[in-house]
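Protein chains in written order, with the numbering used here: chain A, 1 to 309; chain B, 1 to 309.
Since the hints were made in silico from the structure, they are not lab data.
All clues stand as given, with none of them false.
When chains are identical, the list treats them as one kind, so a pair holds in a single copy or across two.
Here are the simulated BS3-like cross-link-like pairs (lysine-lysine), alpha carbons at most 30 Å apart as the crow flies:
| # | residue 1 | residue 2 |
| --- | --- | --- |
| 1 | K96 | K265 |
| 2 | K136 | K159 |
| 3 | K64 | K54 |
| 4 | K261 | K100 |
| 5 | K274 | K109 |
| 6 | K262 | K100 |
| 7 | K261 | K190 |
| 8 | K265 | K190 |
| 9 | K96 | K262 |
| 10 | K274 | K100 |
| 11 | K100 | K265 |
| 12 | K208 | K261 |
| 13 | K261 | K214 |
| 14 | K274 | K190 |
| 15 | K96 | K274 |
| 16 | K96 | K190 |
| 17 | K274 | K159 |
Quick caveat: nothing in here was measured; it's all calculated off a predicted structure.
Protein chains: 2
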Amino acid sequence: MLYDTILRRNFNQRCKHMLYGALEAGGTKMVTAVINEKGRVLDRASFPTETPEKTMPVLIEWFKERKIDAIGIGTFGPADLDRSSPTYGYITSTPKLAWKNYNILGAFKEALNVPAGFDTDVNAAALGEASFGCMKGLTDGIYITIGTGIGVGVLTNGKLLHEMLHPEAGHILLTQDPTDTFAGNCPYHKNCFEGLAAGPAIEKRYGKSAKELKDIPEVWKLEAGYIAKALVNYIMILSPKKIVLGGGVMHQEQLFPLIRKKTAKLLNGYINTKEIASIDDYIVPASLNDNQGILGCAKLAELAYSECR
Amino acid sequence: MLYDTILRRNFNQRCKHMLYGALEAGGTKMVTAVINEKGRVLDRASFPTETPEKTMPVLIEWFKERKIDAIGIGTFGPADLDRSSPTYGYITSTPKLAWKNYNILGAFKEALNVPAGFDTDVNAAALGEASFGCMKGLTDGIYITIGTGIGVGVLTNGKLLHEMLHPEAGHILLTQDPTDTFAGNCPYHKNCFEGLAAGPAIEKRYGKSAKELKDIPEVWKLEAGYIAKALVNYIMILSPKKIVLGGGVMHQEQLFPLIRKKTAKLLNGYINTKEIASIDDYIVPASLNDNQGILGCAKLAELAYSECR
Numbered sequence: 001m002l003y004d005t006i007l008r009r010n011f012n013q014r015c016k017h018m019l020y021g022a023l024e025a026g027g028t029k030m031v032t033a034v035i036n037e038k039g040r041v042l043d044r045a046s047f048p049t050e051t052p053e054k055t056m057p058v059l060i061e062w063f064k065e066r067k068i069d070a071i072g073i074g075t076f077g078p079a080d081l082d083r084s085s086p087t088y089g090y091i092t093s094t095p096k097l098a099w100k101n102y103n104i105l106g107a108f109k110e111a112l113n114v115p116a117g118f119d120t121d122v123n124a125a126a127l128g129e130a131s132f133g134c135m136k137g138l139t140d141g142i143y144i145t146i147g148t149g150i151g152v153g154v155l156t157n158g159k160l161l162h163e164m165l166h167p168e169a170g171h172i173l174l175t176q177d178p179t180d181t182f183a184g185n186c187p188y189h190k191n192c193f194e195g196l197a198a199g200p201a202i203e204k205r206y207g208k209s210a211k212e213l214k215d216i217p218e219v220w221k222l223e224a225g226y227i228a229k230a231l232v233n234y235i236m237i238l239s240p241k242k243i244v245l246g247g248g249v250m251h252q253e254q255l256f257p258l259i260r261k262k263t264a265k266l267l268n269g270y271i272n273t274k275e276i277a278s279i280d281d282y283i284v285p286a287s288l289n290d291n292q293g294i295l296g297c298a299k300l301a302e303l304a305y306s307e308c309r
Numbered sequence: 001m002l003y004d005t006i007l008r009r010n011f012n013q014r015c016k017h018m019l020y021g022a023l024e025a026g027g028t029k030m031v032t033a034v035i036n037e038k039g040r041v042l043d044r045a046s047f048p049t050e051t052p053e054k055t056m057p058v059l060i061e062w063f064k065e066r067k068i069d070a071i072g073i074g075t076f077g078p079a080d081l082d083r084s085s086p087t088y089g090y091i092t093s094t095p096k097l098a099w100k101n102y103n104i105l106g107a108f109k110e111a112l113n114v115p116a117g118f119d120t121d122v123n124a125a126a127l128g129e130a131s132f133g134c135m136k137g138l139t140d141g142i143y144i145t146i147g148t149g150i151g152v153g154v155l156t157n158g159k160l161l162h163e164m165l166h167p168e169a170g171h172i173l174l175t176q177d178p179t180d181t182f183a184g185n186c187p188y189h190k191n192c193f194e195g196l197a198a199g200p201a202i203e204k205r206y207g208k209s210a211k212e213l214k215d216i217p218e219v220w221k222l223e224a225g226y227i228a229k230a231l232v233n234y235i236m237i238l239s240p241k242k243i244v245l246g247g248g249v250m251h252q253e254q255l256f257p258l259i260r261k262k263t264a265k266l267l268n269g270y271i272n273t274k275e276i277a278s279i280d281d282y283i284v285p286a287s288l289n290d291n292q293g294i295l296g297c298a299k300l301a302e303l304a305y306s307e308c309r
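Next up, chain A with everything else stripped away, as it sits in the complex (with noise of 0.2 Å):
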């Protein structure tokens, strides 16, 4: 706590500097900081997220107190991202039924009366990346995490892609390996990627987390045989720039070589780009030590503030 207090009073020195407010939204812990325009984590916390009406106001109270200039909100989803909607900022159909149809946006805006930037959890990596990672420089580009769930961000013609929705592309249908009988573990589709590759359809195929699995070559070379399937189709579809894999499933990484080359095999020398050609540069993991959600989230808060001058 004291580390905490000395951090405070570094920023109340340094008032000409902005203070970005970050919150990572997830389903299970809300992630707090407060950053810097140079993307320099000043500050940060981490609260159970239990129902809005208790964890709110500790989140609230936590901006508060460190006077944010703008604040910006990465979020599970599904979520509202049309300004034009008269539930613009709301968490939508969620199954965690708390937050289920909850204005997270207008209660920061209401609270904090600070500019505030609204987006979905993955698309915010994929800003973070693009911002003070390694898409730095490049107008477009994905982000995929693939932990407890798998989501994607996406970076193209230089903006975050929200359209009807926002890309659900965890969702995608793929095909399921001949050696690979489990049924699948997402309640809504079959044969989708989520519900072959996240993290709990690992551990539920083979009983074990996927820690213990760690040293078990055909774990990680079906795990890559999904997950190269699924970037073909995001190559195909999107044709990014820089695929960057984040999330807790990516830290095994031993799976990078394998989905470097089973992506390649499956192009099968139809995508002739320079990218493709140097795909160790290509499909890459996330480089900001985890920090790609908060950092995103900054940016977020700098952009609606920019928008509010």
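Assemble the complex: chain A is given as a structure, and chain B must be docked to it using the hints.
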């Protein structure tokens, strides 16, 4: 010819109006048109695609005679759409060898000395539908052609999508139907959408043309199933506000209700939007009497003209 002459005279009489040249460059034929700013086709012609040496002088002469103010080219691919690339405006690794690495944009620019826009044929068609057809007013939507090949044009955030390359979304991988023993027709990918569902795949699977198969329900049930699987992946990844289906195979209108039903079944209630709730207005046929391509090319010409002013 008399009609053409009258039209040309009309052009000259109202020279205050803009005359946009449109070229839909296909692997089999080149369709040329002159279109005014309201999207009215004032003149059109079609020429076989031979070699650049034979075909280009004819096309250039056609446009020169018509005194166009700008030209828009929608080409077969792959093509280099990256404006910062030294080979911007080239048709690149096409199997039509005479056109491989041919600078089609540069040739027209040099000969006609007017502003010139350049994109893929399917992106042009998407732009045509967005400018004059059923996607009018939308900033996001996709146009899919299913004919001798399968291509997808993508409009997102109000712009046509081309990043690393352009979408090659006819080549996404699909799960083969268990009743379908056809080996697929794509030389690159065993189970890609184009290999399983483009016109030549239908003809090879059954040994008859699509027209001859019109009254056999199983043919269209299988075809609609593949199209629906592809649409689910496009929806999950791009979240378009409208999906327009054109091309020769889609003239089989009995496909539409089958595709809508199967797509809804595969989505299985996961995506809850007003668009999906009105699926008859969401998945629709091309609306411009097969003029979506040249009208989009005219829009490319207009955009190029505006940029140069």
